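Q: What follows is each chain in one-letter form.
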Amino acid sequence: MDIVEELLKGNRLALSRAITAIENEYDEAVDIMKRLYPHTGHAFVLGITGPPGAGKSTLTDKLAKAYRAQGKTVGIIAIDPTSPFTGGAILGDRIRMNGLTMDEGVFIRSMGTRGSLGGLSHKTADAIKAMDAFGKDVIFVETVGVGQSEVDIVKAADTTMVVLIPGMGDDIQAIKAGILEIGDVFTINKADHDGADKLVRELNMMLDLDAHGMQAEQTSTEKALADQFHHLNVAKHAEGMAWRPPIQKVIASQNEGITETIENIEKHFKYISETGILQQRRTQRTKNEMLDVLHSNIGKYITGKLSATGKLDEYVAQIKARETDPYTVVANIMQDMLKE
Amino acid sequence: MEKRVRVLVAKPGLDGHDRGAKVVARALRDAGFEVIYTGLRQTPEQIAEAALQEDVNVIAMSILSGAHPHLFPKVVNLVREKGMDDVLIIGGGVIPETDIPALKEAGVAEVFTPGTPTSAIVDFIKANVK
Amino acid sequence: MSNEKIQAGLDKYNASVEKAISRFPERPNLPEQRLYTPLDIKDTDYADEIGYPGMYPYTRGVQPTMYRGRFWTMRMYAGFSTAAESNKRYRYLIESGATGLSCAFDLPTQIGYDSDDPISEGEVGKVGVAIDSLADMEILFDQIDLGKVSTSMTINAPASVLLAMYIAVAEKQGVPADQLKGTIQNDILKEYAARGTYIFPPRPSMRLITNIFEYCSKNVPKWNTISISGYHIREAGSTASQEIAFTIADGIAYCEAAIKAGLHIDDFAGRLSFFWNAHNNVLEEVAKFRASRRVWAKVMKERFHAEKPKSMMLRVHTQTAGSMLTAQQPNNNIIRVALQTAAAVMGGTQSLHTNSRDEALALPTEESVMIALRTQQIVAYESGLADVIDPLAGSYYVEALTNKIEKEAWEYINKIDEIGGAVAAIEKGYIQKEIQDSAYKWQMDVESGAKTIVGVNKFQIEEEPPKGLLKVDASVGVAQCERLAAMKAKRDNEAVKAALADLKAACQDENENLMPHILNAVRTYATLGEICGVMREVFGEYEAHVNL
Chain A
1 MDIVEELLKG
11 NRLALSRAIT
21 AIENEYDEAV
31 DIMKRLYPHT
41 GHAFVLGITG
51 PPGAGKSTLT
61 DKLAKAYRAQ
71 GKTVGIIAID
81 PTSPFTGGAI
91 LGDRIRMNGL
101 TMDEGVFIRS
111 MGTRGSLGGL
121 SHKTADAIKA
131 MDAFGKDVIF
141 VETVGVGQSE
151 VDIVKAADTT
161 MVVLIPGMGD
171 DIQAIKAGIL
181 EIGDVFTINK
191 ADHDGADKLV
201 RELNMMLDLD
211 AHGMQAEQTS
221 TEKALADQFH
231 HLNVAKHAEG
241 MAWRPPIQKV
251 IASQNEGITE
261 TIENIEKHFK
271 YISETGILQQ
281 RRTQRTKNEM
291 LDVLHSNIGK
301 YITGKLSATG
311 KLDEYVAQIK
321 ARETDPYTVV
331 ANIMQDMLKE
Chain B
341 MEKRVRVLVA
351 KPGLDGHDRG
361 AKVVARALRD
371 AGFEVIYTGL
381 RQTPEQIAEA
391 ALQEDVNVIA
401 MSILSGAHPH
411 LFPKVVNLVR
421 EKGMDDVLII
431 GGGVIPETDI
441 PALKEAGVAE
451 VFTPGTPTSA
461 IVDFIKANVK
Chain C
471 MSNEKIQAGL
481 DKYNASVEKA
491 ISRFPERPNL
501 PEQRLYTPLD
511 IKDTDYADEI
521 GYPGMYPYTR
531 GVQPTMYRGR
541 FWTMRMYAGF
551 STAAESNKRY
561 RYLIESGATG
571 LSCAFDLPTQ
581 IGYDSDDPIS
591 EGEVGKVGVA
601 IDSLADMEIL
611 FDQIDLGKVS
621 TSMTINAPAS
631 VLLAMYIAVA
641 EKQGVPADQL
651 KGTIQNDILK
661 EYAARGTYIF
671 PPRPSMRLIT
681 NIFEYCSKNV
691 PKWNTISISG
701 YHIREAGSTA
711 SQEIAFTIAD
721 GIAYCEAAIK
731 AGLHIDDFAG
741 RLSFFWNAHN
751 NVLEEVAKFR
761 ASRRVWAKVM
771 KERFHAEKPK
781 SMMLRVHTQT
791 AGSMLTAQQP
801 NNNIIRVALQ
811 TAAAVMGGTQ
821 SLHTNSRDEA
831 LALPTEESVM
841 IALRTQQIVA
851 YESGLADVID
861 PLAGSYYVEA
871 LTNKIEKEAW
881 EYINKIDEIG
891 GAVAAIEKGY
901 IQKEIQDSAY
911 KWQMDVESGA
921 KTIVGVNKFQ
931 IEEEPPKGLL
941 KVDASVGVAQ
951 CERLAAMKAK
961 RDNEAVKAAL
971 ADLKAACQDE
981 NENLMPHILN
991 AVRTYATLGE
1001 ICGVMREVFG
1011 EYEAHVNL
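Protein chains in written order, with this note's numbering: chain A, 1 to 340; chain B, 341 to 470; chain C, 471 to 1018.
The hints are simulated quantities; they were obtained by calculation from the structure and are not laboratory data.
Among the clues, some could well be false.
As the list claims (entries may be wrong) - Which residues of chain A face chain B? A partial, calculated answer using Cβ under 8 angstroms:
1) L91
2) T101
3) F269
4) N332
The structure presented is a predicted model; accordingly, all values stated were derived computationally and were not measured.
We put the CB at the ideal spot given by N, CA and C, even for glycine.
Please build the complete structure, drawing on both the sequences and the hints.
A: Written out as C-alpha cells, the structure is:
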C-alpha cells in the first residue's frame, strides 16, 4: 500500500499507518511528511487541556458530536502519560468517546508521551498534519495540562481551551502552573458541583484585573491571586491581545453548555483571523517547526559522526580529566563540521 | 526508533465482569505495552474500527457470558476485512476447553482460561506479535 | 485473671517464640499477629458491642433463636433460556414443595434491550431467561399462583419494568398487588462500581429506585424493594472490609434519597436487605458478617434515628464466591464451597446460594447443582455448626478481627462521606479505583506465590479437558425473536405509542412517580426495549468511569 496515496484517497488504515510511522520514527516518516505537506493547512486545530479528572475526554466527545452535526469532519488526538518506569501506558481517553467510533467522519488516535516530551510535540504536530491532509475539518488535541511539556504540545493549536472543574482543593493553585496563560477559552466543567460559581468568580477576577483594576470587595485570597496574576495580563497586552477569554459553565455529561462553548471557540477563531493573529501564530509555528527539524537533524548528524569516529568518547574523557571544557570542544566541533 | 507494542483491550458482548480485563490491562501496561482500554459492551464493529484507528498490534478480548463462539470470530473477520492481516487476536474468559479448537480455527491466536497468570499473556504477546 | 498477669505470660511466650523462630522460621506471608489473647479485646464492651442475638447492635445475629428454629433459606439462583423452559422448572420446584422462586435474566433483559436488538446478538437466553414483554412474563408464570409463591428477581437497571410486568401478570390472575411477595435486586450503585449492567446515569437511576420504594410502600407492601449487594463488589476484587464498607455506603445513599423524596426511615428500612459474598478465609468472613451487622445497626440508629428494631437489622442473603472457583481440578471447588458455606452459616446468614463446582468453566449442570445444594444440607444437618448461635463469639481472634473490619469499614464510610456520598464517590471513580487496586494486588500476589491457590499456582497436575459441560442451544435467540415479532403484530400499536408518550412526559417531570406510567405501558405490551428506550432518550446513558 502506498500510504500517502491511499491516505489522500481517504483510506483510514493508511492514515492510521502514517501516524504509526510518525510516532515510531520510522525512516519512511520523513518521506510521508514531505509528500503530505502540500495538502496541509486547511484544518482548524483546537487544543484542549486541563488537570486530570476535569472531564476533558467527555467534553471532547460532546464537542466532536456538535461539530459533526454542523457537517464537519473531526480528528482527535488524545495524549496520555507514559509510565517512566515501565514505558507502558494506559490510553484511556477513547473509552469516553466510544460513541464516536462508528462515525466515519471521526478519527480518534490515542498517543502515549513515551518519555521524550520534546519529541512528542514534534510528533503531535506531524500527526495533526496527517489528519489535516486526510481532510479533517476540525482537529482536537487533548492533553493533560500538568506542565510546560503539555503546554508546548498545545502550542500546535489555533485556539486553546482550558478545562477546569470546581472542588479540586486549591483550585487556583492548580491552575497557576502555566495553563492559565495559554487559555483562549475557558470551560468550567461539572458546573453543577459545589464551588463552580466561586471558581468562575476567581477566574473572572484574574482575567479582568487589568481592565478593571482592583475591585472593591476583595478577600485576602483574591488579593493574593490578583498580585500573582498581574504579570499575566501585562504580558498579554504586550502581545497586543485585546481578547478577553470567555468563561463558560458546562455539564459535559449532560450536554449542557456545549453550544455556547462552540460559539466561544468560533468567536475566538474569528477574532484571531480578523486581527491577523492567526497568521502570526501560524507563521511562528511554521518557523518553530522548521527550526525543530533543523536542530534535530543537525544534532543527529553531528552525534552520529562523532560516535562513528569514536571522537565522542575521546572528548568526554578529555573534558572529564579537565584537560578541556565542553564549551571549547563544541566550538571546535562546530568549526570543523561547518567547514565540511 | 521508538516502537511500542500497542494492545486494544476490549469486552465484546454485554456482560459486565471486567475484573479480568482490567487486571490484564494493568499487567500489560506494566510490561511496557501501550494499552487502549475501551471498556464494556463493545460491538465487534466498534472493536475492529478502534483497532484500525489505533493501529494496534494486538486485540485482547474477554467474555464471561458464553457469547464467545459468536463474537470472537466476528471480530477476527471484521479486522481481516479491514486489511489488518498482521494483528494478533487473543481471547479470554469463561471458555470451555471444547470450544477452543473452533475459535483457533476461526483465527483467534490463543485463548486464556481462568487461572492463567498475566505473565503468560505477556509472554505470548512478546513471542507472537508482529 | 488480671491484664498484668496475662501480659506477663505473653511477654514470656514472646521471648520463647523468638528462640523458636531462630531455629524454625515461620511461613512467609502470614498475618502480622501470630496469637490473640484477652488483651486484644480488653476494650471491647460485651454488652454494648457484642450483646445478644436479636438485640442491638445485632453482632450475634438478627433473630433471637437463629437456626435453632429454622435453617437459613437454601435459595438456588437459576436461569433457563426461555420463559417456557423456566416455567416448566418452576412448576416442578413448586410441586416438590418449594415456595420461593429465583429468576435469572439474560443480559439483554438486564440492560433493557429486546432480543431482536442487534446488540443482543449471541447473548439471548445465555445467562438467564429472555423477557421482552408482558407476553413472556405471562408464559414464565403460567399456572403459578403469584399469591402463594415468593419470587426473587436478579434485576437492577430495569427493575421497575420487570416488577411492573410481575404486577400485571398478577392482575390477570386476579391477585391483588398487596398480596405479592418477593425481592428485586434493584441495587444500581454496585452496577456502576462492580457488576456493569447499568443503563442510566446515577441520578435518574436513584429517582427510579426511590419511585419504587414509594410505590411499593403504598401498593406492594410485602415486596422487598432492594437487595444492597456487596457480592459483586467482592467478586470484582475488593477486600472483605471494602465489601461491607462500599455496600453500606450505598445503603446510606439509598436511605438518604428515600428520605429526600419524603419517606420516613422506619417506613422502608425494614424492607432493605443485603447480599454478601462468602469467600475462602473462613474466620475473616465470619468476622465480616458480624461487623457488618454492627455497623449497619449503628448507621440506622445514630445517623438516621430509626426507631423500629427491624430497621436496624442487617438481614442478608449470601452467595459463595464465584471468583474463587478454579477451572483447574474443578472437583476441588466442592471443598471450597463447603468451607464458604460454613463461613456464611457461622456468620449468621438468612439465606444462601451455593455455587457449583463447574462454574469457572460454564453454566452448571444439574448434577453439580445438586452437589452444591447437598453441601448446604450437610452443613445444616450434620456439621453441628447451626446448633448453637454465633458459635465463634468470644474467640479472641474472631472478636479482634470483627473490631478490625468494623474499624476499616468506618474509615471508608467516613472517606466516602467526605467525597459527598456513594453517588459522588462512584462518579469520581473512587470506589472503582479502590476495588481495581485490590484486584490487581490479589492477582500479583497469586503470580508471585505470596498467595497459594491449590491447583492454580501450586499442586498443579496435567488434566484432561472436563466433559459434560452445559451448552445453551444457539437456536433460542432465533425462536425468541420470532415470538417477539408475532407479539408486535398482534398488539394495539396505537395504545403502545400513547403509553410510551405518556411515560416520556412523566420522565421529564421530576416530581412524577414513574411506576404507574411504566405499569400502564407494560399492560399495552410495550416491550422492555421500548420502555427503556424512552427512558434512555430522556435520561441518557451512563458512561463508565475507568481509571486504571
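Q: Enumerate the violated hints, using their earlier numbering and listing them in ascending order.
A: 3 and 4
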